[in-house]
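Engineer: Listed below, chain by chain, are the residues.
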Amino acid sequence: MSGYLKDLRFALARVFAFPAYLAFAGVVALGAFLLAVWFPNLGLIAEVFRGSQAPLGAKLGIAVSLLGGIATNFSLLSAGYTVAIAVLLGASTAMIVYLLQQRRLASAGRNIAVGSGGAASGALGIGCAACGSLVLGAAAPFAGALAALPLAGAEFGIASVVLLSASLLLVGRSIARASACSLAPSGSTQQR
Amino acid sequence: MRVAALLRASMAALALFASSAAAQTDADAALVERYVERQRAAAAQREQHEADARAGALRPVSKARDHIRGNPDAPVTLVEHSDFECPFCKRFHTTLKQLVDQSNGKLRWVYRHFPLEELHPAKARKEAAASECAVELGGNDAFWKFADRFFELTPSNNKTDIDTVLPRIAREIGLDETRFAACLASDRYARHVEEDYQNAVATGGRGTPWSVIVSKSGKTYPLSGAQPYAAVKQLVDLALEEK
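Protein chains in written order, with my numbering: chain R, 1 to 192; chain D, 1001 to 1243.
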């Protein structure tokens, strides 16, 4: 485990030394956070921006004030994993893009798969944050099962944090190992 | 390996698309732009139809049936669909109390039942019916006294000891305990609660608290969740300005 953490530290330093990757990670994290907090009210935001004749400042004020929902419409647990998911998603997406740029396609593909699982699980977890959101929606057939879970669906958010963390560790290792040369069994030096 | 091949193929396809897009003539670009514009307009129209349908589904406010707090003739109405066992409804109850108190008669708050059986089996519906029994015995004021005290006393998330709490609230707000117990046992408000539930779903409710803010002209703003005071206040102000 400490080997993975060492590789992750190295990879983070390497990737985020480039301001462009840092900015990209920030944009993805912010986008994920905004989507999570606004998710229950996307229809309202559309209505306010399209259907109202109020000044743009007032419309933006409503959208911004809805972000306060992270404190009032989320439990402490769900707010915590929502922020964690956004940060992890931003960091791992930027690092996967770095891998793609380095043409490490096989490693990138593996990490995209793990990261996507994390993001999908996170979406379900976030949906369950409010009382019954999703329970009466698309996941209606699973409503009973979700409600029966000890944390009423927050398990998906926690699973998402675990999967995205795993994705980050894997992508960190891929980046760190791509930067080092190791001895092949035959004894010849080769790039891994 | 398969993922890598897939990625390579996707990237090649993207590169091909990019090069062919670059070769588009101005006329083609205009055609694409018009198509996108048409699609966007159709989506906006679809959304508008859905919003209109939801707004149309909202049962009109009735002073005889509904529980109204604030000025009954206020220009803006906030219809809240709520579940007595939902912790977010408990939080939102305080927000709305503050909002109505500070609205200078411009906002009325209408409370309707939306008990989520999947999350709060048996208790949420029973508590909703109990609040209707409070109305039967003490009128509109008794409903609000019941709701305020209920949210103060109970822990939410289906952890309420209803056998103790409901008689206690009835006693505290001055209702006849025997008649309250008889009303509760009769289950005569089950249909009333179910009608509220069905209307909440018809208006687009997918969780609680679910609110619809209605301006004087009838324009509606759907609001999901226990949103902060500032957000709800700005929405009410927006509804007040609707001509």
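Note that these hints are calculated values from the structure, not bench results. Be careful, since some hints might not be right.
[To be verified] Derived BS3-like pairs: lysine-lysine, alpha-carbon spacing no greater than 25 Å straight-line: (1) D:1159 / D:1063; (2) D:1145 / D:1106; (3) D:1126 / R:59; (4) D:1063 / R:59; (5) D:1233 / D:1145; (6) D:1219 / R:59; (7) D:1145 / R:59; (8) D:1063 / D:1219; (9) D:1233 / D:1126.
[Unchecked claim] So, partial list: chain D residues that the calculated Cβ filter (under 10 Å) puts toward chain R: (10) 1095; (11) 1172; (12) 1204; (13) 1206.
The C-beta atom is built at its ideal place from N, Cα and C for all residues, glycine as well.
Engineer: Check the hint pairing residue 1145 of chain D with residue 1106 of chain D against an upper bound of 25 Å on the C-alpha distance.
Structural biologist: holds (22 Å)
Engineer: Can the hint on residue 1172 of chain D be confirmed by a CB-to-CB distance to chain R that is less than 10 Å?
Structural biologist: At about 26 Å, which exceeds the 10 Å cut-off, the nearest Cβ of chain R leaves the hint on residue 1172 of chain D violated.
Engineer: Straight-line Cα separation of residue 1159 of chain D and residue 1063 of chain D no greater than 25 Å?
Structural biologist: violated (33 Å)
Engineer: When you check the alpha-carbon spacing of residue 1233 of chain D and residue 1126 of chain D, does it fall within 25 Å?
Structural biologist: violated (32 Å)
Engineer: Checking one constraint from the list: CA of residue 1145 of chain D to CA of residue 59 of chain R, max 25 Å. Satisfied?
Structural biologist: Between residue 1145 of chain D and residue 59 of chain R the Cα gap is close to 35 Å, so the pair fails against 25 Å, i.e. violated.
Engineer: With a cut-off of 10 Å on the beta carbons, see whether residue 1204 of chain D makes it to chain R.
Structural biologist: holds (7 Å)
Engineer: Assess, step by step, whether the Cα of residue 1126 of chain D is no farther than 25 Å from the Cα of residue 59 of chain R, and give holds or violated.
Structural biologist: Roughly 40 Å separates the two Cα atoms, so the pair is violated.
Engineer: Under the criterion that the straight-line Cα-Cα distance not exceed 25 Å, is the pair residue 1063 of chain D, residue 59 of chain R satisfied?
Structural biologist: violated (32 Å)
Engineer: Just to be careful, I want the Cα atoms of residue 1063 of chain D and residue 1219 of chain D compared with a cutoff of 25 Å; is the pair within it?
Structural biologist: With Cα atoms ~20 Å apart, residue 1063 of chain D and residue 1219 of chain D stay inside 25 Å; holds.
Engineer: Given the hint that residue 1233 of chain D pairs with residue 1145 of chain D, does the C-alpha gap stay at or below 25 Å?
Structural biologist: Holds. Residue 1233 of chain D to residue 1145 of chain D sits at ~24 Å (cutoff 25 Å).
Engineer: Have a go at the residue 1206 of chain D hint: is there a Cβ in chain R nearer than 10 Å to its own Cβ?
Structural biologist: holds (5 Å)
Engineer: Is the Cα-Cα distance between residue 1219 of chain D and residue 59 of chain R 25 Å or less?
Structural biologist: holds (16 Å)
Of the hints listed earlier, those the structure fails to meet are numbers 1, 3, 4, 7, 9, 11, in rising order.
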